[in-house]
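Peer 1: Here are the chains, one letter per residue:
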Amino acid sequence: MGNDADVDLDPRDELVSHLGVLRAFAISLCKNPTLADDLVQETVMKAWKSIDSFQAGTNMRAWLFTILRNSYYNVHAKARREVGDAEGVLTENLSVKPDHDGRLAYQDFLDAFEELPDEQREALTLVGASGFTYQEAAEMCGVATGTMKSRVGRARQRLVELLELSDDDSLELTESGTLAVLMSSRPVQVG
Amino acid sequence: MSSKTESALAEDRKQDENPKSELIKTQLQRAFTDRASEELPDELLTLIGKLKEQDAKDGK
Chain A
1 MGNDADVDLD
11 PRDELVSHLG
21 VLRAFAISLC
31 KNPTLADDLV
41 QETVMKAWKS
51 IDSFQAGTNM
61 RAWLFTILRN
71 SYYNVHAKAR
81 REVGDAEGVL
91 TENLSVKPDH
101 DGRLAYQDFL
111 DAFEELPDEQ
121 REALTLVGAS
131 GFTYQEAAEM
141 CGVATGTMKS
151 RVGRARQRLV
161 ELLELSDDDS
171 LELTESGTLA
181 VLMSSRPVQV
191 G
Chain B
1 MSSKTESALA
11 EDRKQDENPK
21 SELIKTQLQR
31 AFTDRASEEL
41 PDELLTLIGK
51 LKEQDAKDGK
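Just so you know, the sequences run in chain order A and B. Here the first sequence is numbered in the working numbering, starting from 1 and rising by one per residue. Here the second sequence is numbered in the working numbering, starting from 1 and rising by one per residue.
Be careful, since some hints might not be right.
[What the hints assert, rightly or not] In silico SDA-like links for lysine to any residue, alpha-carbon gap of 25 Å or less: (1) B:K60 / A:V160; (2) B:K25 / A:Q157; (3) A:K31 / A:D108; (4) B:K57 / A:M45; (5) A:K31 / B:R35; (6) A:K31 / A:M45; (7) A:K49 / B:L45; (8) A:K49 / B:K25; (9) B:K52 / A:Q157; (10) A:K46 / B:E38; (11) B:K52 / B:E39; (12) A:K31 / B:S37; (13) B:K52 / A:T34; (14) B:K52 / A:Q55; (15) B:K52 / A:M45.
Hints in this document: simulated from the structure, not taken from any laboratory. All values reported here derive from a predicted model rather than from experimental measurement.
All chains, please: the whole structure from these sequences, using the hints.
Peer 2: Below, the structure is given as structure tokens:
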């Protein structure tokens with residue numbers, strides 16, 4: 001994601017340009033917008049403090065995401081464990097059934113996504129949503145590429161189970177948001 | 001590129017391109033894009049402003 005144009009951009013300005021996606025990543029980890037905003041602020045302060053050591057032209061998004069996820073696991077995930085994970089135990093076997101007609105409703109997907117363990121949500125967000133390669137995501141998380149692939153595979157499989165997806169499932173194309181994403185990516189079969 | 005790498009990449013593509021994975025990926029991207037497009041909180045914008053002010057004072 002680093003390119004020649006980024007070399008001329010002040011790193012501080014480039015940092016600001018990544019705040020939206022950084023916040024989106026934080027929300028996927030924290031599952032709570034308020035906690036996510038705190039995490040982003042913490043990340044921004046850490047990154048800003050060491051911005052002079054950032055090498056222009058390299059992948060700032062990956063750098064920022066790495067700072068954020070390390071902060072999350074060092075502080076926030078520990079706090080959640082100390083409070084107790086009763087909710088996780090209770091929802092371990094939760095199945096999020098689609099609303100009707102076997103069509104995947106967007107909210108059903110969001111609910112199921114939140115049921116995934118932290119590492120699986122992180123893996124899917126990095127590889128599936130943020131566009132990092134398996135190798136890039138693995139480096140950011142400090143694991144082997146094979147481990148990252150396994151996490152993504154398990155996350156997908158768990159979502160399939162939670163959502164009870166079948167090969168016949170389709171997207172609700174009446175949802176303009178989903179349609180917009182589809183139109184920007186690939187042709188889609190209606191019906 | 002070795003044949004082992006080629007087959008590994010092909011396996012990755014196969015996993016990525018099956019209909020269920022595509023469905024999940026599309027919804028995932030939508031959720032991420034929606035969140036990334038939200039207005040940034042005032043506190044964050046204020047923080048950026050303060051950091052820039054401090055840099056200006058420090059001559060950066």
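Peer 1: None of the hints should be skipped; say for each whether it holds.
Peer 2: Comparing the hints with the structure gives:
no.	hint	in the structure
1	B:K60 / A:V160	violated, 51 Å
2	B:K25 / A:Q157	holds, 12 Å
3	A:K31 / A:D108	holds, 15 Å
4	B:K57 / A:M45	holds, 17 Å
5	A:K31 / B:R35	holds, 12 Å
6	A:K31 / A:M45	holds, 21 Å
7	A:K49 / B:L45	holds, 17 Å
8	A:K49 / B:K25	violated, 35 Å
9	B:K52 / A:Q157	violated, 45 Å
10	A:K46 / B:E38	holds, 23 Å
11	B:K52 / B:E39	holds, 20 Å
12	A:K31 / B:S37	holds, 17 Å
13	B:K52 / A:T34	holds, 24 Å
14	B:K52 / A:Q55	holds, 20 Å
15	B:K52 / A:M45	holds, 11 Å
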